[in-house]
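Enquirer: Residue numbers (numbering that gives the first Met the number 0): 0 to 107.
Please note that a few of the clues may not be correct.
[Claimed, not checked] Calculated pairs, DMTMM-like style, for lysine to aspartate or glutamate (alpha carbon to alpha carbon, straight line, at most 25 Å):
{"hint": "1", "residue 1": "K71", "residue 2": "D59"}
{"hint": "2", "residue 1": "K71", "residue 2": "D91"}
{"hint": "3", "residue 1": "K84", "residue 2": "D70"}
{"hint": "4", "residue 1": "K46", "residue 2": "D36"}
{"hint": "5", "residue 1": "K46", "residue 2": "D59"}
{"hint": "6", "residue 1": "K62", "residue 2": "D73"}
{"hint": "7", "residue 1": "K28", "residue 2": "E15"}
{"hint": "8", "residue 1": "K81", "residue 2": "D91"}
{"hint": "9", "residue 1": "K86", "residue 2": "E99"}
{"hint": "10", "residue 1": "K84", "residue 2": "D69"}
{"hint": "11", "residue 1": "K34", "residue 2": "D22"}
{"hint": "12", "residue 1": "K20", "residue 2": "D6"}
{"hint": "13", "residue 1": "K84", "residue 2": "E102"}
{"hint": "14", "residue 1": "K28", "residue 2": "E14"}
{"hint": "15", "residue 1": "K28", "residue 2": "E41"}
{"hint": "16", "residue 1": "K84", "residue 2": "E99"}
{"hint": "17", "residue 1": "K62", "residue 2": "D77"}
{"hint": "18", "residue 1": "K34", "residue 2": "D21"}
{"hint": "19", "residue 1": "K64", "residue 2": "D77"}
{"hint": "20", "residue 1": "K81", "residue 2": "D70"}
{"hint": "21", "residue 1": "K86", "residue 2": "E102"}
{"hint": "22", "residue 1": "K86", "residue 2": "D73"}
{"hint": "23", "residue 1": "K81", "residue 2": "E99"}
None of these hints come from the bench; they were simulated from the model.
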Amino acid sequence: MDQELLDGIRQIVREEISGVKDDVSSLQKDISGLKSDVAEIERLLDKNNHLLRVLRIETDTNKIKMSIIDDKIDHLIDNLEKQTKLKDALRDHHHQIVIETGEPVFND
Numbered sequence: 000m001d002q003e004l005l006d007g008i009r010q011i012v013r014e015e016i017s018g019v020k021d022d023v024s025s026l027q028k029d030i031s032g033l034k035s036d037v038a039e040i041e042r043l044l045d046k047n048n049h050l051l052r053v054l055r056i057e058t059d060t061n062k063i064k065m066s067i068i069d070d071k072i073d074h075l076i077d078n079l080e081k082q083t084k085l086k087d088a089l090r091d092h093h094h095q096i097v098i099e100t101g102e103p104v105f106n107d
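All chains, full assembly: derive it from the sequences and hints.
Expert: Here's what the structure looks like:
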């Protein structure tokens, strides 16, 4: 009877262990899938970080270009203001020419 009891217990343990083995096998597959997902995420993250670095560099370059353009615009505005002042001064600039008529004077 003890043997039958042991055999029964053994059978129950085998059935329970079989379920646990299936669970462990399923977990191993899930972990393997997670590892490949993490590897893909790391690859995408590296790619995105590279793109962000490139965008930062391009942004800095564009800021420098915009600063240069702003300086040129300021210079053009200054030149336009100077030209306008000169044009106004020229318009208001008058000479009076007097023509005298009379007998010619000769110096001998």
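Enquirer: Each of the hints needs a verdict: does it hold here or not?
Expert: Quick rundown of the hints versus the structure:
Restraint check for K71 and D59: the C-alpha separation of about 19 Å stays at or below 25 Å, so the hint holds. For the suggested pair K71 and D91, the alpha carbons sit about 30 Å apart, so the restraint of at most 25 Å is broken. A hinted pair counts as satisfied when its Cα atoms are at most 25 Å apart, and K84 with D70 qualifies at roughly 21 Å. At roughly 15 Å between alpha-carbon atoms, K46 and D36 fall within 25 Å of each other, so this suggested pair holds.
Between K46 and D59 the alpha-carbon distance is near 20 Å, which keeps this suggested pair within the 25 Å criterion. As the CA atoms of K62 and D73 are separated by approximately 16 Å, the hinted pair is consistent with the 25 Å bound. Note on K28 and E15: the hinted pairing holds, with a Cα-Cα distance of about 20 Å set against a maximum of 25 Å. Using a Cα cut-off of 25 Å, the hinted pair K81 and D91 holds, with the two alpha carbons roughly 15 Å apart.
Distance restraint check for K86 and E99: the Cα-Cα separation of roughly 31 Å exceeds the 25 Å cut-off, and the hinted pair is therefore not satisfied. Pair hint K84 plus D69 holds up; C-alpha atoms about 23 Å apart against a cutoff of 25 Å. For a cut-off of 25 Å, the pair hint linking K34 to D22 stands: about 18 Å separates their Cα positions. Proximity of K20 to D6 is assessed by CA-CA distance (about 20 Å); at most 25 Å being required, the pair is judged to hold.
Between K84 and E102 the CA atoms are separated by roughly 44 Å; this puts the pair beyond 25 Å, and the hint is violated. Between the alpha carbons of K28 and E14 the distance comes to roughly 21 Å, so the proposed pair stays at or under 25 Å and holds. Restraint check for K28 and E41: satisfied, since their Cα atoms lie roughly 20 Å apart, inside the 25 Å limit. At roughly 35 Å between alpha-carbon atoms, K84 and E99 are farther apart than 25 Å, so this suggested pair is violated.
Taking the CA atoms of K62 and D77, the gap is near 22 Å; set against the 25 Å cutoff, the hint holds. Between K34 and D21, the direct Cα distance comes to roughly 20 Å. Compliance with the 25 Å bound is thereby established for this hinted pair. Our distance criterion of 25 Å between C-alpha atoms is met by K64 and D77, whose separation comes to about 20 Å. A C-alpha spacing of about 17 Å is found between K81 and D70, which places the hinted pair at or below 25 Å, so the restraint holds.
At roughly 41 Å between alpha-carbon atoms, K86 and E102 are farther apart than 25 Å, so this suggested pair is violated. Between K86 and D73 the alpha-carbon distance is near 20 Å, which keeps this suggested pair within the 25 Å criterion. A distance of roughly 38 Å separates the Cα atoms of K81 and E99; the hinted pair therefore is violated under the 25 Å criterion.
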